[in-house]
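S.K.: One-letter residues, chain by chain:
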Amino acid sequence: MKYSIFSLLKHTLTGHKNWEPAWREPEPKADYDIVIIGGGGHGLATAYYLAKEHGLKNIAVLEKAWLGSGNIGRNTTIIRSNYMLPGNNPFYEFSIKLWENLEQDFNFNAMVSQRGVLNLCHTDAQRDAFARRGNAMRIDGVDAELLDRQAVQEMYPFFDYRNARFPIKGGLLQRRGGTVRHDGVAWGYARGADTRGVDIIQHCEVTGIRSENGKVMGVDTSRGFIRCKKLGLAAAGNSSAVAAMAGLKLPIESHVLQAFVSEGLKPYIDGVVTFGAGHFYVSQSDKGGLVFGGDIDGYNSYAQRGNLPMVEHVIEAGVAMIPSLARVRVLRSWGGIMDMSMDGSPIIDKTSIEGLYLNAGWCYGGFKATPASGWCFAHTIARDEPHKLSAAYRLDRFRTGSMLDEKGQGATPNLH
Amino acid sequence: MPKAPAKTKPAPVVESMLARVSPLASVALQGRFGADKGAPGVSFSVRHPLSIVTVIARAGKGKAVAASLSSYDAQWAGPEQYFVVAAGRSEGALYRELKAELDGIASVSDQSHGRVIIRVEGPKVRNVLAKGTSVDLHTDEFAVGKSALTQMAHVGVHLTRVGEDAFDLSVF
Amino acid sequence: MLIACPHCGTRPVEEFTFLGDASVKRPTSTDPSSMEQWHDYVYLRNNPKGRFDEYVHHSGGCRAWLVISRDTATHEVFGCVTARDHGKAKGGVA
Amino acid sequence: MTSYRLPKGGLIDRATTLNFKFDGKSFTGHAGDTLASALIANGVHLMGRSFKYHRPRGVISAGASEPNALVELREGGRKEANTRATMIELYDGLTAKSQNRWPSLDFDIGAINSLVSSMFVAGFYYKTFMWPKSFWEKIYEPIIRRAAGLGTASREADPDKYEKSYAHCDLLVIGSGPTGLMAALAAARSGGRVILADESSRLGGSLLDEREEIDGVSGLEWAEGVIAELSAMPNVTLMPRATVFGWYDGNIFGAVERVNDHVLAPSVHEPRQRYWRIIAKRAVLAAGAEERPVAFGGNDIPGVMLASAMRTYANRYAAAAGKSVVVFTGNDSGYRTARDMKAHGVHVEAIVDSRGGTKADAGGVPVLRGRMIADVSGGKAVTGITLDDHTHLACDAVAMSGGWSPVVNLACHRGAKPSWNDTILGFVAPDVGKDFIVAGSAAGRMLLSECLADGAKAGTLKGRAPAIPKCRDEAFAVSPLWWVRQAQGKAFIDYQNDSIAKDLPLAAREGYRDIELAKRYTTTGMATDQGKLGNVNAIAILAEATGRSMDQVGTTTFRPFYTPVAFGAFAGPFTGHHFQPVRKTPLHDWADELGAVFVETGLWMRSSWFPREGEDWLASASREVVATRERVGICDVSTLGKIDVQGKDAGAFLDRLYCNTFSTLAVGKARYGLMLREDGVVYDDGTTSRLAEDHYVMTTTTANAAKVMAQMEFAHQALFPDLDVTYVSVTEQWAQMAIAGPKSRATIQKIVDGLEMNDQTVPYMAALDISVLGGVPARLFRLSFSGEHAYELAVPADYGNMVARAIMQAGAEFGIVPYGVEALSIMRIEKGHVAGGELNGTTTAADLGLGKMMSTKKDYIGRVMAGREGLVDPQRQCAVGIRPMNADDRIRSGAHILTQGDKPSMANDQGYITSVAWSPMLEMCIGLALVANGRARHGEVVQVWDGLRGHKVEGVICDPVHFDKENRRLHA
Ligand SMILES: Cc1cc2nc3c(=O)[nH]c(=O)nc-3n(C[C@H](O)[C@H](O)[C@H](O)COP(=O)(O)OP(=O)(O)OC[C@H]3O[C@@H](n4cnc5c(N)ncnc54)[C@H](O)[C@@H]3O)c2cc1C
Ligand SMILES: NC(=O)c1ccc[n+]([C@@H]2O[C@H](COP(=O)([O-])OP(=O)(O)OC[C@H]3O[C@@H](n4cnc5c(N)ncnc54)[C@H](O)[C@@H]3O)[C@@H](O)[C@H]2O)c1
Ligand SMILES: Cc1cc2nc3c(=O)[nH]c(=O)nc-3n(C[C@H](O)[C@H](O)[C@H](O)COP(=O)(O)O)c2cc1C
Ligand SMILES: [Zn+2]
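Protein chains in written order, with this note's numbering: chain E, 577 to 992; chain W, 2 to 173; chain F, 179 to 272; chain G, 60 to 1031.
For reference, chain E alone in the conformation it holds in the complex (with noise of 0.2 Å):
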């Protein structure tokens, strides 16, 4: 049934007794023609485009515990097109554009909000990098525009403008840049691909892949034995896990980033702000919460939580940005686990393995490519040949030396 203002109003009258499940809760067949690892927004927007978009029908989206449990559930929400190099800015230019149709397109509202992201900078070389940046996504049609000391300040009158450490000299903004309501994406998609056929099991852990002479054949799961044709593994700081699996090892180690909100506050910060002088980003939710992040801790980690020198210093580069936040209290903290490649960029590809099928390595940026990567990886699995706007996040990139590393950091994970 579809939501609307008409449907709640209908609702209000009978009492919300009638509302029907936003998902059913299937138990899982035998047999499916394509099985999706992991129920986070990579998982279900891909079995959401492989139903709409190639009309495919017995699929399966397997996750190990709640829907969304995973980052989409977790991460602070940033989407934005700003990547400079030509095997990223199409891709991601082509998720925003996703997102701006998203919530039309699967009917749920998951408070797409482009109210802009600014990244900071304080040296002139920085504004150097931010120009090459900025160019490159101008040159190909993205909007950016570089803001000297007093368009910030104009802005963001409240930041420290005149004891920093590392005075703000300007900012990269892209204003299409912005947030969207991470849960209401899972759910989003997990409803838009339900009511189109595909099953979404949740508690159920795959923790075996079975294949045949280099076909795969089928997963075990905690829920017995599914047989397959395709398998498609979607499952973020977990990928090296399930793809050992399969016997493959990956350019990826899992670390654990951690995030932060703090207490309900009256509207604060109006975009999305980076620090350019430390490890410090920050948005406000619907709700008043000031959600922010920094650095992963800097260890291999499937705990999803972290420790707390990174605390401190998350919170200090924030203090240094915006001296009047010292009295505003930090609420909570928790921790996702990132599945960081060697070059900072992800892989949507096939395997050596037939039928299965990879999109690992998103790092801290994966939720912005939630639309885009699912369009991409089903396009993959339902082809079997990659999409011509992910044919950079090839596995084998790192064999042939073109690699996509936009910071330039090397073969060093926990540097991206």
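Any given hint could be a false lead.
With a straight-line cut-off of 20 Å between C-alpha atoms, the simulated SDA-like cross-links for lysine to any residue are [unchecked claim]:
#, chain 1, residue 1, chain 2, residue 2
1, W, Lys100, W, Arg116
2, G, Lys192, E, Asp681
3, E, Lys964, G, Ala966
4, W, Lys132, G, Lys220
5, G, Lys916, F, Gly257
6, E, Lys842, G, Ala966
7, F, Lys203, G, Asp918
8, G, Lys917, F, Ser207
Calculated from the model, a selection of chain W residues having no Cβ within reach of chain F, i.e. all distances over 10 Å [unchecked claim]:
#, residue
9, Phe34
10, Ser44
11, Lys125
12, Val145
13, Glu165
Calculated directly from the structure, the hints in this document are not laboratory data.
Ideal placement from N, C-alpha and C gives every residue a C-beta, glycine not left out.
Once you've looked at the hints, dock chains W, F and G with the ligands against the given chain E.
M.R.: Using the frame of chain E, we list chains W, F and G with the ligands on its own:
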């Protein structure tokens, strides 16, 4: 390394010129700071000028080096590494002496100007240092004479307990 | 997280820098034909959920490179040796 | 207004009266009051408005879990939003404002929300506001955002200071009630280092709130005795006002001590708060238990509060919650409230007990057994109640008790989940090992005697546990009491987020059956109190709605922070200018004397230009360049990393680190070196000099000094451990200056001791050990970054300023100028030397035109991987020079390169400009760029595309060396 052949007479020496100026000269000022009730809890002083030399044992020479340093004020500064500290030595003298003495068994580098040593002492010294370092400075854990490499306020420090209530902080 | 450095004693995690998988072994050949081994050495990583041997630099202390054994699911640290000794134990170098 | 202050009793100091303001109105209270108790004593119950429906709200609790009575405390830069009135110690001059209401707390427009509230069910916004599309951002969202949040944060800088500190102990005791006190006592007596932390202003825990008897004295007196003994022990640290907010790996606890939140403003030299990182060998969680509300109609009307809170206000603060009280309970603790209130002379109308048969001591108060409160009547204050059998009772306050929940938060911060216990009807902590023991009521032990014994056991590190004091136990019997279905009005589960009992079955119906999904869909437990009071009720209702057990539903994930922590506490002193250390070079004072403008480069402050009267940076830098190229200039290059490399294998080691060879370098000579990463990409560059057979000194770029050192340590210790080599940073030991220009030799000659400088004694690339000014030891290198005949002179740091001044004197006759990093950079671009802009972590040696440096005779880091097809592809972007076609045009770094005639698009992108300078020698803009197949394109005219800054000109690709291609000046 080859000394360049002397051909001309040395440039005129202006005595005062040879005086070393501490990098903290403008920072470490005389006076009383912080809470001014009662006797001072801690006092800071800069030990300057000093001769400070790093000594790093060559492969397999750790014991030999340790032995030959027994007669010096040599503070542990990492695996088979030491800071040798001396006051009142003329420029480069300690460095040259150790270089000669440890020739072949250790690498010797002069750090007299590279590091500065701050003496922190007083009844509250441990409370103050606890605001900086994670090292447990309780007497049972960190006896007089012990050194540690750690961090304070985002800066690497070499910490030595020189008395019950006195520590030396050596920093770059 | 606390790590017992063989040189410095037990120190908190902020004094250390992590480099990851210590099972990798640098190939000895410089011949282009060894490219595949080099690819694996530079790019492929053990990334287990559970016990893990990893390179750690005591960058905020004695600056020794260490190898610690740690559970990546619980962050429990089981042991710590110098990279040197680890290399010897592994037979040859990293 | 009539006073609700009880005539006697309480831990308040009636002798000291304190004045305070709430919403502009003046009140008085006493020392020992909290803002909440003082307001209650003044008969003020209405303290805030709720989040969604703007319902009038008063206190529910008397402690940290308070969801309703949140106020804006203080003003200006000290303003603090969402501060719990129940935790604010009253001080003279306190000012507070209520939140989330307009125009006033009493009359709040937002309250109309509650009229249409039936439409605002859980998750309603996910279902609407989608049409028309554009309305979301323009209309709907701004409204939602304005409605969101409770308090307003200040936009002024916080004037107060914060501190950080580490602490180490054998036992950390969290909570100072009977359990905690016994634990601390046991550990302290056995000689351990003990820290006892409690978030309350005063140690004693529930013994301050309850009327107990221990060892024949009142619980309070007993606690005082123990605290006195503890405070006399040197091995014990008592920390009141200290909240332990999180448990982390390695048994490290985070705590924040509110050093000065109980005064108007901290005295100078004192911090507002102190953040503690406590490294504990063992810890005891003695956090007690939290009473639960009950979900009935109007359970949020001011005057309705937890039974234990009503007791606390009476017993600890001598404040009566009302004149006539009804108690609603499903367990024995409600009876305690009835008796205590009666003892304080407050009329207790009745005890409403949901249980049938119970023989708990009501102290003569009438008990209505097997009955429940369905609804509370009243708007901004309670006027009465209606029972499930429709009988009505008049009263002005309601005490409720739905049971008790052990405070297990900290024990669950590292992932363990609590489990349901059917006897106490609460989730009890999991076993998390011997280093962190949960004890007392936090462990589900609800009797005082159990708590005392449990604490003693948990705290005993060695030897015998101390004797357990004797005490009288209050009965503890409890049966389930979650939600009174007969309720007509709203029955709240999460007060602050306005989630109501009905929301949970709805969430289940819609598929959000997992507790984590229900939490997110209904926002239950997501407010500032994190569901401390309401979550268990939510779990119970969801369990019922989905036919699962409490354990099957389970709790949501417990996360730090136990209670919210101010950003300032985490930032500590590292704010403003002290965010990061400032590094000054040994030549800083010298440069400062000459009017240098300093610019941040990493942590360093570098002299960037030396402006004269009326010069801007460009005029200054240009003049510095011309003067240097025509005469002589001196520049501070001390920030370059300098590493002393020694040992018999020093040369072999450098051969591994650099792609070119150093073992063949002659003693007394320097050589430029290029370092790759193992993936074959350029990492760093710099000159390395050989001072002796077994002694080199290498230089790194300023930016990479630390990284290169770490790389060397790894290479030696992990990759090539058999090499006999040592290395140590000597960056700070040397003040280093570049002296460049035709007159550089003549200038230096005047200060060197006993050395006739000429091309034989100091040839190009020489590295000599000399002395200057009659005895200052020095190193002289004949190196040139500027392309001029030039030297670098290094002297021990403490002599730096003095030597630099001497050089200025010596060069005066030649017209020497100091030059800064800007001029340095102009000259290196004129000479086409690569630097930061080109060494960007993605370029190869070949890209930079340095491919010839890569040795083919040895193993070195990066050798093999540098040979990958993608890295040797001729189409790669490589370093070229770039100039505007028209000499008057300006080009900027960051601009991109397009082939003539091509439309702007990423597909057509040929590369970008990495560095630009206005060359005073060529009198035009020149630059370096990375351009696809660039080396083959010298002379090609291209578009310099800078759409970002709305600027497009024609440029021509050229050789990177813009000036003095033949290098004549170098040897002049
Ligand atoms: C704190 C934080 C902040 C972030 N901030 C941003 C941001 O601001 N912008 C941005 O673009 N990106 C951000 N990211 C990154 C982004 O969240 C992720 O890249 C993205 O969500 C990953 O894709 P996903 O949603 O499919 O992953 P997930 O939601 O993690 O989906 C993977 C799913 O696979 C399931 N799974 C794993 N193993 C198995 C198995 N064996 N069987 C069955 N199921 C399994 C997991 O339970 C999980 O639900 C952030 C991430 C974190 C943690
Ligand atoms: N009336 C009843 O039904 C009932 C129910 C349960 C418990 N009790 C009684 O309550 C008492 C429980 O004693 P106890 O010692 O176990 O607990 P307590 O309630 O006496 O003390 C707990 C203390 O821990 C502090 N605290 C909690 N979390 C903290 C944190 N994170 N950081 C710092 N401090 C923190 C609180 O401020 C409080 O002072 C016993 O007397 C028991 O009989 C009564
Ligand atoms: C964008 C965003 C906003 C959040 N806002 C809140 C909030 O207002 N209150 C809250 O308690 N938690 C908030 N959280 C954190 C969640 O409660 C939860 O901690 C997070 O999704 C991780 O899940 P977990 O803690 O159950 O592992 C928010 C999380 C995100 C990603
Ligand atoms: Zn160490």
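S.K.: Against this structure, judge whether each hint is valid.
M.R.: Hints, one by one, checked against the model:
With a CA separation close to 19 Å, the supplied pair Lys100(W) and Arg116(W) stays within the 20 Å bound. Restraint check: the Cα-Cα separation between Lys192(G) and Asp681(E) comes to about 11 Å, which is no more than 20 Å; the hinted pair holds. Restraint check: the Cα-Cα separation between Lys964(E) and Ala966(G) comes to about 13 Å, which is no more than 20 Å; the hinted pair holds. Using a Cα cut-off of 20 Å, the hinted pair Lys132(W) and Lys220(G) holds, with the two alpha carbons roughly 14 Å apart.
As the CA atoms of Lys916(G) and Gly257(F) are separated by approximately 40 Å, the hinted pair breaks the 20 Å bound. Note on Lys842(E) and Ala966(G): the hinted pairing is violated, with a Cα-Cα distance of about 45 Å set against a maximum of 20 Å. Proposed proximity of Lys203(F) and Asp918(G) is supported: the alpha carbons are some 15 Å apart, at most 20 Å. Restraint check: the Cα-Cα separation between Lys917(G) and Ser207(F) comes to about 10 Å, which is no more than 20 Å; the hinted pair holds.
Here Phe34(W) stays apart from chain F, with its beta-carbon at least about 28 Å from theirs, past the 10 Å limit. Remark: the non-interface label on Ser44(W) is consistent with the geometry, its nearest Cβ contact in chain F lying 27 Å away (cut-off 10 Å). Every C-beta of chain F lies more than 10 Å from that of Lys125(W), the closest at about 23 Å, which supports listing it as non-interface. Here Val145(W) stays apart from chain F, with its beta-carbon at least about 17 Å from theirs, past the 10 Å limit.
Listed as outside the interface, Glu165(W) is consistent with that label: its C-beta sits roughly 21 Å from the nearest C-beta of chain F, beyond the 10 Å cut-off.
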